[in-house]
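**Q** What follows is each chain in one-letter form.
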Amino acid sequence: MEILLAVITGLLYAAGIYMMLRRSLVKLILGIILLGNGVNLLIFLLGRITKGKPPIIPEEAKVFQEIYADPVPQALILTAIVISFGLQAFAIILVKRTYKVLGTDDLDQLNTTDEDS
Amino acid sequence: MIIPIFVTTIFKSMLLSILAGLFVAVGLIFIGKFIKNKWAAVSLTALPLGLFIYFLNYIPQIASGEIIYQKISWIPSFGVDLSFQLDGLSLLFSLMITGVGTLVFAYTSAYLKGHEYLDRFYAYLSMFMAAMLGLVLSDNLISLFVFWELTSISSFYLIGFNNTSEASRKSALTALGITGIGGLFLLAGALLLGSITDSYSIAEMLQNKDFLLQHEFYILAVIFIFGAAFTKSAQFPFHFWLPGAMKAPTPVSTYLHSATMVKAGIYLLLRFSPILGSTEFWNTTLILVGAVTMLYSAFHLLFRTDLKGILAYSTIAALGILVFLIGLGTQEAIIAALVFIVVHALYKASLFLITGIIDHETGTRDITKLAGLRKVLMPVAIAGFIAALISGGVPPSIGFVGKDLIYEATLGMPTNAILLTVIAIVTNILLFYAGFVAGVKPFTGKLPETYEKVHLPSWLMWFPPLLMVSAGMVFGIFPQLLESAFVGPATSSLVNDSEGFHLKLWHGFNTILGLSAITLVVGLLLYFILKPTHRLENFINKLEVISPKSILFFLTNGFEDFSKGWTNFFQNGYLRHYIATIVGFLVVALAFIIFSNFDLSLDVSSFSELTTYEIAIAIMMIGAVIFTVFTNSRLAAVASMGVVGFAFCLLFLFYSAPDLAMTQFSVDTLTVILFVLVLYRLPKYLHLSKNVLRLEHGILSLAFGSLITILVLKVLQEDQNSEITNFYAENSYLLAKGKNVVNVILVDFRGVDTLVEISVLIVAALGVFSLLKLRLKTRDKK
Numbered sequence: 001m002e003i004l005l006a007v008i009t010g011l012l013y014a015a016g017i018y019m020m021l022r023r024s025l026v027k028l029i030l031g032i033i034l035l036g037n038g039v040n041l042l043i044f045l046l047g048r049i050t051k052g053k054p055p056i057i058p059e060e061a062k063v064f065q066e067i068y069a070d071p072v073p074q075a076l077i078l079t080a081i082v083i084s085f086g087l088q089a090f091a092i093i094l095v096k097r098t099y100k101v102l103g104t105d106d107l108d109q110l111n112t113t114d115e116d117s
Numbered sequence: 001m002i003i004p005i006f007v008t009t010i011f012k013s014m015l016l017s018i019l020a021g022l023f024v025a026v027g028l029i030f031i032g033k034f035i036k037n038k039w040a041a042v043s044l045t046a047l048p049l050g051l052f053i054y055f056l057n058y059i060p061q062i063a064s065g066e067i068i069y070q071k072i073s074w075i076p077s078f079g080v081d082l083s084f085q086l087d088g089l090s091l092l093f094s095l096m097i098t099g100v101g102t103l104v105f106a107y108t109s110a111y112l113k114g115h116e117y118l119d120r121f122y123a124y125l126s127m128f129m130a131a132m133l134g135l136v137l138s139d140n141l142i143s144l145f146v147f148w149e150l151t152s153i154s155s156f157y158l159i160g161f162n163n164t165s166e167a168s169r170k171s172a173l174t175a176l177g178i179t180g181i182g183g184l185f186l187l188a189g190a191l192l193l194g195s196i197t198d199s200y201s202i203a204e205m206l207q208n209k210d211f212l213l214q215h216e217f218y219i220l221a222v223i224f225i226f227g228a229a230f231t232k233s234a235q236f237p238f239h240f241w242l243p244g245a246m247k248a249p250t251p252v253s254t255y256l257h258s259a260t261m262v263k264a265g266i267y268l269l270l271r272f273s274p275i276l277g278s279t280e281f282w283n284t285t286l287i288l289v290g291a292v293t294m295l296y297s298a299f300h301l302l303f304r305t306d307l308k309g310i311l312a313y314s315t316i317a318a319l320g321i322l323v324f325l326i327g328l329g330t331q332e333a334i335i336a337a338l339v340f341i342v343v344h345a346l347y348k349a350s351l352f353l354i355t356g357i358i359d360h361e362t363g364t365r366d367i368t369k370l371a372g373l374r375k376v377l378m379p380v381a382i383a384g385f386i387a388a389l390i391s392g393g394v395p396p397s398i399g400f401v402g403k404d405l406i407y408e409a410t411l412g413m414p415t416n417a418i419l420l421t422v423i424a425i426v427t428n429i430l431l432f433y434a435g436f437v438a439g440v441k442p443f444t445g446k447l448p449e450t451y452e453k454v455h456l457p458s459w460l461m462w463f464p465p466l467l468m469v470s471a472g473m474v475f476g477i478f479p480q481l482l483e484s485a486f487v488g489p490a491t492s493s494l495v496n497d498s499e500g501f502h503l504k505l506w507h508g509f510n511t512i513l514g515l516s517a518i519t520l521v522v523g524l525l526l527y528f529i530l531k532p533t534h535r536l537e538n539f540i541n542k543l544e545v546i547s548p549k550s551i552l553f554f555l556t557n558g559f560e561d562f563s564k565g566w567t568n569f570f571q572n573g574y575l576r577h578y579i580a581t582i583v584g585f586l587v588v589a590l591a592f593i594i595f596s597n598f599d600l601s602l603d604v605s606s607f608s609e610l611t612t613y614e615i616a617i618a619i620m621m622i623g624a625v626i627f628t629v630f631t632n633s634r635l636a637a638v639a640s641m642g643v644v645g646f647a648f649c650l651l652f653l654f655y656s657a658p659d660l661a662m663t664q665f666s667v668d669t670l671t672v673i674l675f676v677l678v679l680y681r682l683p684k685y686l687h688l689s690k691n692v693l694r695l696e697h698g699i700l701s702l703a704f705g706s707l708i709t710i711l712v713l714k715v716l717q718e719d720q721n722s723e724i725t726n727f728y729a730e731n732s733y734l735l736a737k738g739k740n741v742v743n744v745i746l747v748d749f750r751g752v753d754t755l756v757e758i759s760v761l762i763v764a765a766l767g768v769f770s771l772l773k774l775r776l777k778t779r780d781k782k
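Residue numbers (this note's numbering), protein chains in the order written: chain B, 1 to 117; chain V, 1 to 782.
Certain hints may be false.
[Unchecked claim] Think about it this way: if two alpha-carbon atoms lie no more than 35 Å apart in a straight line, the pair counts; the simulated DSBU-like pairs of lysine-lysine are:
| no. | chain 1 | residue 1 | chain 2 | residue 2 |
| --- | --- | --- | --- | --- |
| 1 | B | Lys53 | V | Lys714 |
| 2 | B | Lys51 | V | Lys737 |
| 3 | V | Lys737 | B | Lys62 |
[As the list claims (entries may be wrong)] Among chain V residues calculated to face chain B with C-beta under 10 Å, some are:
| no. | residue |
| --- | --- |
| 4 | Phe570 |
| 5 | Gly573 |
| 6 | Ala580 |
These are calculated hints, taken from the structure and not from any lab test.
Glycine included, C-beta positions come from ideal geometry on N, C-alpha and C.
Could you put together the complete structure from these sequences and hints?
**A** Right under this line is the structure:
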């Protein structure tokens, strides 16, 4: 399964980068989201995957008795997901605003500060 | 009682004499508008005059051999102090700076009478004077460097004073560029010398002289000092900024570009000649550079028709002579150099001031048009004539004494005496010619009708040059006056044994007198035979293509084009270009590292088995990603991205991360909703990029993705360090009383991180809110 997940990580990276290279602002945001997912999966995978053993100490015990999933990458990813939500929300509203003011979502038309071009 | 002592210490301090000019410059910002009136402007002359008198007071003390040393700690940890040393050499320069400064300040009040920016001009002049005084008084090399740069900067402002003229601005920039390079040389030299001798004090370097001369970096240190001196003092091939600097108003040319600032390089060489001098490298280089400079610029002046151009080239020639004399390095040569510094300041400053008067009154500096002005500008004509006499070294002027000393120095050389003397004679003949063209020619002959209405300007303009040339005559007749007050003390600070040498006007009938006679006769002949014409000037301008100036401009333009191309290539303003560059570079770097240690054998034994539901999720995810990328409908893209997100939830669920699954689920839902709410306002997808570009980007992205896959697989082969994990797992309940380890990490062990994270979200929320509420003015809306 790790090989398959590694391939998916690579695919998410490739798709993210490809979308970021497009000229549409919306695609740029989609690209960032895909790339973010790719990064999350990368971190998750590097912490090794464990099936059906969540890092929760059993009711009756005070410490873990058996093997458990690594909680550190999970904590990292949780933070990453929340932060990237903030980023996405801001970006989406920014795109909306940009389109409203400038009438375009083509990045090539946004590369100058001059009003007349 | 303490306060008066403190006050007197302050007033005796040399620091104050330097800062005075800066105080005045700053003060002019506030009271500048009140000095437009002529007399108010003249009163500013009190500053250099006061300082001149202040330094005059030191003459008896310094002449008796005393050296005044004052030190204020500045940055002791770096060995940088504000330490000032007043010895004979510093005193000579200080008197020149303040003396010529007094006359220039007075002259300016009439020359720029009613000028819109007169206050600004005075502020720059004061700043320059302060910097120049600091330069010659500093004992610490670092503070010397600071003042050195300050002179370059004030020179920049003064050359570009007529800031509406493009030529002025360009000349100012050239001058700043060349002298700025010199400043860097000086800094490098200072640091090198400082690290060799472990002190930035020039006086202490003198004590470590023997060690310095033996040191392996001696040559390098000398090269740095030379680089600084040659650029500042306009030596070949850095000389060309000086003729350009003539774009400045004439008082500036007088003060900075003939009498004082360009002598800073000479000062530096003189100051260091007891420390670094008297080696073959030092002497030969200086003689060579000095000789080339003096011959090159002396010949150049033959072709000039602009009075200031002639004076500029003769100034360069004079600076060449000085470097040449320092290069000879004998006691006679040093004395000759010191006398010549004074001589040159006196006559060249006068000639510049006279040129300024001519320019001011007639509106031209073209020597082919000027004649007969003695009829209307008598006192100026007298000053010009005397200045020409001094410049030509005609007895009994001080110029005669100076020229004799030069010949005496060259003749006294053990080797190549004849050659050196011939070079000196040729240069002196041409300088004689320059002096007469600038000082005599405009006043002789028939007055053209156009200039009959010319009238004598305010005495503030013609008196200063007259005063200076009179001093030149007085010094010539009584050379012991010059010697005891100025040159003697300066000599004793440079040469160990200066006893038994005295300046004399009359040496009797000897070879030197003969050489002087030759100089005068040939110079006079040259003056009568050769008339400056525009034809000659045009001829020399054609050769301009191969001059150092053109070569430098060619190089700088080339460099500018190169950097423009470079910048435009990398910084073209297209986001995808930046991303492509960054990713492309990463791909190359990653590929190099991965494939140079090529070991892609995969140990799959540790990997988990594939189950059907896992395969189903993987297929779902891959399909959704590909659909997101290639769909033409934006809504479909957003929806399929939602699918990717939900597939992630399942994945997290399978692999023991229920918290992640929850979070991912809510965040993804919110994102999709937000997208859909906003999207319906946006235009349709456009097929913007060309297919070739899409293909290129596709290949680049896939290459990057593949490398990431390989990287992940490689890392999975490595052992894992689980120390941190174990700590959290073991202490989660024992220390933090929580059983869900992920939650405990977030809210307890790394609680502050989470707090910051929440702040980030608040900032984002504020951003979203304000973007939604922002009302633009109608102007911005279009």
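**Q** Next step is simple, just say for each hint if it's right about the structure.
**A** Tested hints:
Our distance criterion of 35 Å between C-alpha atoms is met by Lys53/B and Lys714/V, whose separation comes to about 25 Å. Between Lys51/B and Lys737/V the alpha-carbon distance is near 25 Å, which keeps this suggested pair within the 35 Å criterion. Restraint check: the Cα-Cα separation between Lys737/V and Lys62/B comes to about 9 Å, which is no more than 35 Å; the hinted pair holds. Against a cut-off of 10 Å between C-beta atoms, the interface hint on Phe570/V is violated, since the closest Cβ of chain B lies about 14 Å away.
A distance limit of 10 Å between C-beta atoms decides the matter here; for Gly573/V the minimum to chain B is near 4 Å, and the interface restraint holds. This hint holds: Ala580/V has a C-beta 6 Å from the nearest C-beta of chain B, less than the 10 Å allowed.
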